[in-house]
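Undergrad: Here are the chains, one letter per residue:
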Amino acid sequence: MRPSRGLVAVVDDDQSVRESLPDLLRVFGFDAQAFSSAAEFLQSPWLGKTDCLVLDVAMPGMSGPELQDELDRRGQGIPIVFITAHKDEDERLPLIRRGAIDCLYKPFSDTALKAALDRVFG
Amino acid sequence: MNKIIDAIPVMAWSTLPDGTADFFNEHFLSFLGMTAEAAYGWGWTASLHPDDLENLTSVWATLISSKLPGETEARLMRADGQYRWFLFRANPVYAKDGSVTRWYGTNTDIDDRKRAEEALRRSAAFLAQGQTLTETGSVWWKPATQEIFWSDEAYRVAGYPKNQQPTVELMLSRCHPDDLTDVGEMVARAAEEGANLELEHRLLMPDGDVKYVRIVLQNIGPDRSAPEFIGAVTDITRRKKAEERLRRSEMLLAEGQRISLTGTFSWKVDSDEITFSGELRRIFGLSDNTVVDFDRITERVYREDLPLLAEKMSNVRAGSDNPDYEIRLKVGDQLKHVRVVGRIIKHLDGTTECLGAVQDVTAQRVAEEARDKLRSELAQIARVMSLNTMAAAIAHEVNQPLAGIVTNASTSLHMLSANPPNIEGAIETARRTIRDGNRAADVITRLRVLFKRGTSAMEPVDINEATLEVVSLLTPDMQRHKISLHTELFETLPLFKGDRVQLQQVVMNFLRNSIDAIGEPSQLPRDVVVRTEFASDMTIQLSVEDTGCGIAGVDPDRLFDAFHTTKASGMGIGLSISRSIVEAHGGRIWAKANSIVGATFGFSIPNAKSDGVSLASRS
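Protein chains in written order, with my numbering: chain E, 1 to 122; chain S, 1 to 619.
Please note that a few of the clues may not be correct.
Stated by the list, open to error - One-sided excerpt, in silico: chain S residues whose CB lies under 7 Å from chain E: (1) His414; (2) Arg432; (3) Arg480; (4) His481.
What the hints assert, rightly or not - So these bits of chain S aren't anywhere near chain E, every CB distance computed over 12 Å: (5) Gln164; (6) Glu193; (7) Glu255; (8) Glu369; (9) Val406; (10) Asp477; (11) Met478; (12) Asp516.
Claimed, not checked - Derived Cβ-Cβ restraints for the label pairs, each shown as a range: (13) Glu70/E / Arg431/S: 46 to 56 Å; (14) Lys114/E / Asp372/S: 53 to 63 Å; (15) Arg73/E / Arg371/S: 51 to 61 Å; (16) Gly48/E / Ala552/S: 47 to 57 Å.
I should point out that these hints are in silico values taken from the structure, not numbers from a laboratory. For glycine and all other residues, C-beta sits at the position ideal for the given N, C-alpha and C.
Generate the whole structure from the sequences, applying the supplied hints.
TA: What follows is the structure in structure tokens.
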């Protein structure tokens, strides 16, 4: 087995994404862990080890951008690739401006995701 | 001597000094139908008219005591019971010492004269009363001698006291200054040439009042050069003022008809005589001199409305209810809408007349049509707008499983192309691909339900199920706005006939308004409750309660009006359309401010016919 390229955490309330995305990330050579909510992620031991977040924008409870704020507030800034099912440039652009690596519209292609992750992991 | 006295055609009599009768001639007795014995003394007074007894007795007593001749008038009853007037004359015969020895007297029949006087007095009274009633005074004028006579009423009309001697100058001094020249000339010419005079002019009274008089003078002189006029002066002020009022009210009526575009008509049903007012002629495009008949009318009625007109007219002929209907006219190339309101009148002579008014309501109808067209266009816009909302929601719902599908498919592909291929992993991801595909298909199936009944279709609606569909569509939006959306759905609500998609648009409109009302994420609390209830009045109710900015300061009457919005970027048609939809279901839409914060919007729809029971709230 090749050494891991890093740990990518997936936070999404949608079960399909939580099931499928970690497998694809592993195919890409990452370690992957999925969380169904921002709170679950914040409470997990993976928090401090995560190299990159693939983060859903709209979730019950704390939303993706709010999780980003919370992490910044804690001084635990993690590179974030946002994913959203709501195709709206007015929501996407502010996220990019605030420092997100990218914001991908669901459904996104494996190459788009890989390109975004490559910008994090070089 | 007695024979002579009896023979003369005069009633003769004599009395003793104290007035006691001691003689009546034959003529007298036969008039009275009494014997001399019965008449002697005071017996004759039985024939005196009771009303005259007192006067005669008193005169007679005066004469006797004064011993002077005298006379009086009284009625005596003839043998046949008829009273006649007599002049009683009495002459005393004196003795040497100056005392009265006897009284001799005669009674002269003055009945005819009396009656003539009576008739004259009566006719004078009639004339005076007639003059007063007609405000007409009599005038007699002889220019040559400057003699003028005015009757009492003439004085009254001219406003002079009766003791004032009338003159031409006096008459002219009352004349209104503006009329004086003309009147003066005509009067002068009448005096010179003896021409008959007939004129109307104004009088200016001392108190500033203006009277109108009509003067007619006719020359009855023996020849024209010596005129002698009789005539009448009539106070025609009332008539003039009435004429003025009539002219004025006619003018006002015409003006009123012109302004209100209302004409009036009369239709004598038995003779088919029709009269149109000026404005009605204008509405029908008929010139003033065109004779109005049914041919003229029907040729101007819009062909499709002819049967209606015929029906209404035959109803009138049958004497049934008063007509009240609306028809269209084709006048030139113009289509007019007119409203007809009539009243059937049964005259005393048995004929029937239909009186009525016709109002040109074209402008109103055209405006209403434009409004309806605009409303349906607006409804279309609203529909498109909520379809946009739905389209975004659909995209969201479908994109979620699609993301899974695409990711699984990619993963599966990568696993198969790896060396060595990860067959087990590929199979697992493929299985998930199929599952997500099914999930997407479910979403689409669910959404298709919303659209397959795109046109208005009445069907049994389960309001809980319909609400849950909208709620699920808007849940992502609610989440994005940090609003917690709760549902409190009444179990076993009856189904009702309705247009499910339209009602869902109303619910969606309520929910979107709640999102807008709650506004910025900093504002707390952020709750929306969708509630369904079965009210005690057997209506099915749906309400959306929010903790937003509320409706204080919003006119509740205007809340549901089109284009009335409190939102910076709203068109203000959502609630208006919602109201149309709810009212089309026979329901009522309402809004109320919550006691603490926010507002509740809702509708209630009567449960006219139960079509089953909602089960959605149980699932």
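Undergrad: Would you say the C-beta atoms of Gly48/E and Ala552/S sit inside 47 to 57 Å of each other?
TA: Holds - the Cβ-Cβ distance for Gly48/E and Ala552/S, about 50 Å, lies within 47 to 57 Å.
Undergrad: Does the CB of Arg480/S sit less than 7 Å away from some CB of chain E?
TA: Constraint on Arg480/S satisfied, holds at 5 Å.
Undergrad: Quick one, is the His414/S hint okay against chain E at 7 Å, beta carbons?
TA: Nearest chain E Cβ about 4 Å off; hint holds.
Undergrad: Are all beta-carbon distances from Gln164/S to chain E longer than 12 Å?
TA: Fine: 104 Å to the nearest Cβ keeps Gln164/S off the interface.
Undergrad: Could you check if Arg432/S really has its C-beta closer than 7 Å to a C-beta on chain E?
TA: 6 Å, holds
Undergrad: Taking 46 to 56 Å as the stated bounds, is the beta-carbon spacing between Glu70/E and Arg431/S within them?
TA: 36 Å, violated
Undergrad: If I take the minimum Cβ distance from Val406/S to any residue of chain E, is it greater than 12 Å?
TA: 4 Å, violated
Undergrad: Is the claim that Asp477/S lies outside the interface with chain E correct, judged by CB distances over 12 Å?
TA: 9 Å, violated
Undergrad: At 12 Å, judged by beta carbons, does Met478/S keep clear of chain E as stated?
TA: 9 Å, violated
Undergrad: Starting from the range 53 to 63 Å, see whether the pair Lys114/E and Asp372/S falls in it by beta-carbon distance.
TA: Check passed, 58 Å falls within 53 to 63 Å.
Undergrad: Compute the least Cβ-Cβ separation between Glu369/S and chain E, then decide whether it is above 12 Å.
TA: Answer for Glu369/S: holds, closest chain E Cβ roughly 40 Å.
Undergrad: Go ahead and decide if the range 51 to 61 Å is satisfied by the Cβ distance of Arg73/E to Arg371/S.
TA: 56 Å, holds
Against the hints set out earlier in the document, violations occur for numbers 4, 9, 10, 11, 13.
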